[in-house]
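Colleague: Sequence:
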Amino acid sequence: MTLGLAQQAIARWDIAPTGLELAAERENRVFRVTTNSGVFALRQHRSGYRTDAELQSELAWMAAVQSAGLSVPKPISAKDGAHLQRVEDAQFDLLTWLPGRQLGTFGTPLDLADPEGSFQTLGAAMARLHRVSDDWTPPADFTRPAWDTDGLLGETPLWGRFWENPTLAHGQKELFETFRVKARAALGEGDHDFGLIHADLLRENILIDGADLHLIDFDDGGPGFRLFELATTIFRIRDEPNTAALQAALIDGYQSQRAINITHLPLFIALRACTYVGWIVTRMEIPNAASRNTHHINNATQIVANWLESEASHV
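Numbering (numbering that gives the first Met the number 0), first residue to last: 0 to 314.
Careful, some of the hints might be misleading.
[Claimed, not checked] Derived lysine to any residue pairs resembling SDA-like cross-links, with alpha carbons at most 25 Å apart: (1) K172 x W158; (2) K78 x K172; (3) K73 x K172.
[Stated by the list, open to error] Label-pair distances were calculated between CB atoms; the ranges are: (4) S66 x A15: 23 to 33 Å; (5) T262 x D238: 22 to 32 Å; (6) S290 x A22: 34 to 44 Å; (7) A288 x G47: 15 to 25 Å; (8) D140 x A15: 15 to 25 Å; (9) D140 x R282: 39 to 49 Å; (10) A288 x D149: 43 to 53 Å; (11) S66 x R237: 14 to 24 Å.
These aren't lab readings, by the way, just hints derived from the structure by calculation.
Each residue gets a CB set at the ideal place from its N, CA and C atoms; glycine is no exception.
Input sequences plus hints: build the corresponding full structure.
Modeller: Listed below in C-alpha cells is the structure:
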C-alpha cells in the first residue's frame with residue numbers, strides 16, 4: 000500500500016519514473032525516484048505533523064534558499080503548478096535528490112577524513128542559511144512552528160511537555176520545572192539573535208559529498224533563536240572524543256560568515272536537551288525507544304543541573 004500510494008503521487012508530476020523505492024523512513028517516508036533525466040526525492044509527510052500551509056511555507060523557503068546559492072534540495076512543481084500534493088489525504092512533495100552520504104548516524108561515532116574541517120564548513124553553511132533567510136521576504140501567508148520562548152518552554156512546547164515525561168525519576172520533574180522558570184527569565188534578558196532556522200541540523204540531515212556539504216530535511220524549520228541552531232548540532236556531538244575541537248570549528252566557521260554572540264550557548268544546549276525528553280514520549284514505537292528515552296533524560300538532567308549550578312554561582 001505504501002509504494003502504491005507513492006506511485007499515485009508521483010503521477011502528479013511531469014516526470015517518467017524508471018524506478019521508485021523506499022529510501023528512508025524517519026519522521027517522513029522518503030522515496031528515491033529515478034528517471035532518465037535525474038534522481039528525485041518524493042516525501043510522504045508524517046500524518047498530522049504539519050498543516051498544508053506549514054508545508055507550503057517550508058517549500059517556499061527552501062526554494063528561496065536554493066535560489067540564493069545554498070546547497071539544499073530544490074522543490075519541484077507538480078503538473079498543476081503547486082509544490083504540495085494530497086493523495087488519499089497523505090501529503091507529498093518532490094525534491095531534487097542531492098548526492099553524498101550522511102555526516103553520521105545517531106549513536107555511531109563520527110567517521111570523517113577531516114572532522115574539524117567538516118564542522119567548520121557546516122558552521123559557515125549555517126551562517127549563510129541565516130543570512131540568506133534574513134534577506135528573504137516571506138509571503139504574507141507564511142507560517143511555520145516557532146522555536147521561540149513559548150515553543151521551547153510554554154504550556155505546549157513544540158516537542159512536548161518535557162517536565163511531564165512519565166518516566167522521570169524522583170527529583171527530575173522538579174529539576175526541569177525549576178529550569179523552565181529560570182530559563183524563561185534568561186531568555187527574556189538581552190537581545191537574542193532570532194530568525195528563520197533549520198532547527199534540526201543533526202548528522203543525519205547533513206550530506207557530505209567530497210569537500211561539499213548539503214543541508215536536507217527542513218521539516219522542523221521555522222523562526223527561532225540562532226544559538227538554538229548551533230546548540231542542536233553541538234548537543235549531538237557531546238560523546239565524541241574531540242567534542243571541544245568540533246564545537247570550536249563549528250563556531251569558527253559560523254563566525255567567518257556571520258557574527259553571533261555565544262555567551263548564552265550553554266542555555267540553548269540545555270534547552271535542546273530538554274526538547275528530546277518531550278519528543279520521545281510520542282514516539283515510543285521507534286526502535287530502541289526505551290533506551291533512547293533513558294539516554295535523553297540522563298543527558299538533560301546532567302546538562303540542566305550544570306546550567307542551574309552555573310547560574311546560581313553568578314548571582
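Colleague: Are the hints correct? Go through all of them and say.
Modeller: A quick look at each hint next to the structure:
| no. | hint | in the structure |
| --- | --- | --- |
| 1 | K172 x W158 | holds, 17 Å |
| 2 | K78 x K172 | violated, 51 Å |
| 3 | K73 x K172 | violated, 43 Å |
| 4 | S66 x A15: 23 to 33 Å | holds, 26 Å |
| 5 | T262 x D238: 22 to 32 Å | holds, 25 Å |
| 6 | S290 x A22: 34 to 44 Å | violated, 26 Å |
| 7 | A288 x G47: 15 to 25 Å | holds, 19 Å |
| 8 | D140 x A15: 15 to 25 Å | violated, 33 Å |
| 9 | D140 x R282: 39 to 49 Å | violated, 30 Å |
| 10 | A288 x D149: 43 to 53 Å | violated, 27 Å |
| 11 | S66 x R237: 14 to 24 Å | violated, 35 Å |
Hint compliance for this structure: hints 2, 3, 6, 8, 9, 10, 11 are not met, and every other hint is.
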